[in-house]
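Using the sequences and the accompanying hints, generate a full structural model.
Residue strings, one per chain:
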Amino acid sequence: MTRSSSETTNKLNRRTLLKGAAAGGAVVATGFPTVWAQNTKDITLVHAGGSYAAIKEIGDQASKDLGFKIVMQAITDDVQLNRSLTQPQTIDINNIDSTKLPYLLGKGAIAPIPVAKYKLWSETVPLFTKGSYPNGNMATTQGLAPIEAMFYADKDAKKLAGKPTEFLTMIPTIYNADTLGIRPDLVGGRDKIMSWKDLLDPKFKGKTALVDYAPVGVMDVAMALEARGDFKYADKGNMTKDEIDKTIKIMIDLKKGGHFRSFWSTFDQSVNLMASGEVVVQSMWSPAVTAVRSRGIDCYYVPLKEGYRGWFVGLAPMAHLSGLKLDCAYEYMNWFNSGWQGGFIAKQGYYSAVPATAKKFLTPEEWDYWYDGKPAAVDIKDPYGTLMEKKGTTRDGGAIWDRMGNIACWNTVMDEDRYLTRRWNEFVSS
Amino acid sequence: MAIVNPAADAFAASGRAEPEVVEYPGERASWLQVAPLVLVLLLFFGLPMLVVLAVSFFDFSRTEIIPAFILDNYIDLFRSEVTLRLYASSLKFALIVWVVTLVLGFNIAYFLVFHVRGLLFQIGLFLLCTVPFLTSNIIRMISWIPFLGRNGIFNQALQGAGITSQPLEFLLFSDFAVIVAYVHLFTLFMVVPIFNSMARIDKSLLEAARDAGAGRFRVVAEVVWPLSRTGIALGSIFVVTLVMGDSFVVRTMSGGQSASVVSALQNEVAALQYPPAAASAVIMVIIVTLMVAAILRIVDVRRELAG
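Going line by line, the protein sequences match chains A and B. The numbers in numbering that gives the first Met the number 0 rise by one with no breaks, and the one at position 188 of the first sequence is 187. The numbers in numbering that gives the first Met the number 0 rise by one with no breaks, and the one at position 111 of the second sequence is 110.
Calculated from the structure, these hints are not laboratory results. Fair warning: there could be bad hints in the mix.
Below, simulated DSS-like cross-link-like pairs (lysine-lysine); rule was C-alpha separation at most 30 Å, straight line [what the hints assert, rightly or not]:
1. B:K91 <-> A:K248
2. A:K191 <-> A:K373
3. B:K91 <-> A:K204
Among chain B residues calculated to face chain A with C-beta under 8 Å, some are [said to hold, decoys possible]:
4. A258
5. L271
6. A292
This one's a predicted model, so the numbers in the text were calculated from it and none came from an experiment. Yeah, the Cβ is synthetic: ideal placement off N, Cα and C, and Gly gets one too.
Below is the structure:
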């Protein structure tokens with residue numbers, strides 16, 4: 000395992016070097032290094048985030064490219080938030096899930112980022128800079144949309160602006176569109192599930208699962224209820240108490256009727272539920288679908304007609320950084336979106352906020368498969384060199400903007416989250 | 000007191016209280032002896048508990064706990080019917096698991112102590128009981144999932160043998176699965192103390208009972224059972240507190256479909272709602288302490304161990 004992954008790293012490095020030579024102009028343009036290496040070699044930055052984002056290989060590559068040390072710490076969301084608020088000095092670079100921003104707002108834990116400090120802003124996808132898709136259409140603002148989360152009102156960083164300003168809350172890094180995963184062989188075919196409402200179809204009684212996390216679990220059910228025509232929410236991403244009550248009531252009835260087989264709380268659980276056939280329809284993450292498929296079991300990440308549930312994460316420097324360390328933090332964040340990281344996580348199915356840079360670190364075949372939704376011209380491998388998809392397969396849902404361009408609701412934290420947690424506990428215990 | 004078994008003696012030594020000494024210098028010495036433990040308990044148990052108690056009266060917002068003295072957290076807790084349901088669920092699990100582990104534990108210990116001849120064989124079998132503990136309890140628990148699943152080994156075997164025509168769904172992600180895992184994980188906690196108590200029973204008492212005309216069941220009921228009470232009480236304390244304090248087993252084996260007091264508390268912690276979680280923890284500590292006190296009231300463990 001270790002050996003094969005280090006071989007992959009070597010291979011990647013060799014390719015990176017070649018690419019780097021080819022893309023030499025770009026490297027100069029982004030301006031590395033701006034801080035003199037001899038001053039920074041003793042600097043260590045702690046980058047804390049979820050396991051899907053704070054990946055050791057990325058930290059190692061950054062340390063090599065930048066000359067100072069990046070320590071990656073993969074921790075769970077609640078631990079991260081806790082540390083950010085109660086022991087902020089234990090983190091330098093905060094890899095923030097957008098839904099955690101409201102908790103950090105006005106707490107002085109993370110520092111605002113002047114747009115000028117981030118060199119790739121103009122190349123960032125318009126979803127983050129303007130709130131629109133590349134075709135100019137505005138993305139939905141149900142839930143916490145990128146445009147709502149990206150900007151502080153002013154340098155005091157107390158309030159979100161909801162429109163472009165000079166102060167970023169974080170540098171957007173990766174994002175994706177989530178939907179339902181299904182077992183085509185057990186539901187009667189890929190075309191048998193087209194809508195979120197199928198999650199609640201009595202035909203799948205005892206064979207469905209939700210994530211065991213109130214804000215997302217409830218939102219997935221809300222998508223299904225709206226698709227089924229039960230009622231329409233003003234904003235699925237910010238329900239009123241009344242809407243929460245109505246939703247939870249239906250969920251409790253479903254649960255008592257044995258509709259759900261399980262609620263999963265880890266990535267592996269979701270993979271095992273699907274692979275073992277305990278569950279045939281469930282909300283899951285894109286890499287989990289791939290993980291099921293890599294066991295030789297067909298699993299499909301359905302492009303549903305109502306659209307996807309979107310999410311995004313970003314990086315912010317902690318407020319305690321200053322001087323040389325802060326300079327290094329900016330340098331690191333600029334490096335982060337300069338391509339190597341984007342190429343790495345593309346092979347896990349996530350998108351980079353600056354796709355043009357990621358493209359330089361992908362082969363044309365890889366780019367076509369992951370970003371353009373074209374049939375794979377060669378076998379597709381994950382960042383560690385393990386086979387992911389055989390030649391000829393097409394990414395579920397297609398090209399980036401067929402997927403990201405159809406977001407029905409963004410992951411969020413609701414104003415009534417306290418009430419939601421209480422009702423969710425009631426649901427689980429019923 | 001006749002110890003018949005050095006292995007049992009080793010187990011007994013750890014639980015036996017020092018005989019009471021009346022002289023003055025001895026008393027001072029024993030204070031010194033308990034001092035390190037008292038210090039550790041105060042620092043790592045007493046102090047955190049006090050903090051939890053204090054926080055349970057605090058107010059809170061989305062990200063902050065606000066020092067205050069409000070009773071809202073407790074009022075919410077006592078008003079909510081969820082609390083009642085959670086305790087009912089946890090107590091139900093505790094009761095069922097207690098009964099099952101007690102029956103198993105008593106019988107296994109009885110077999111090991113009174114039926115297995117030869118010390119070596121006895122120790123060997125006892126060690127065999129502890130073999131599962133060589134793997135982590137998470138692995139021991141999770142391995143039930145593929146076994147009990149819809150397409151799991153057990154269902155396949157049942158169908159293969161023609162006993163059932165379709166998979167039994169209740170086997171996994173159900174209360175049944177939770178109880179199976181609890182029993183598997185916690186039976187040894189019942190076996191060890193009961194084994195220990197039984198090993199200290201003077202075998203001549205059993206012979207005397209038999210000589211006086213007692214049948215096998217009467218010997219068990221009137222000699223072995225009363226003399227194993229200490230072990231039963233200790234085992235019960237282990238099992239009951241472990242089940243009451245669990246969230247992981249119930250969450251994993253029920254597939255998140257059942258809740259326990261602690262799993263609900265965890266949801267609150269994950270949502271950064273510390274004061275209500277603290278209030279819930281305080282009530283939990285009080286209830287479990289009362290349960291342990293009740294067990295200790297029925298069986299005076301101290302006296303019997305010292306004897």
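Status of each hint after checking the structure:
1. B:K91 <-> A:K248: 25 Å, holds
2. A:K191 <-> A:K373: Holds. K191 (chain A) to K373 (chain A) sits at ~23 Å (cutoff 30 Å).
3. B:K91 <-> A:K204: Holds: K91 (chain B) and K204 (chain A) sit about 27 Å apart, inside 30 Å.
4. A258: 4 Å, holds
5. L271: OK, holds: L271 (chain B) within 8 Å of chain A, min 7 Å.
6. A292: With a minimum Cβ separation of about 27 Å from chain A (threshold 8 Å), the hint on A292 (chain B) is violated.
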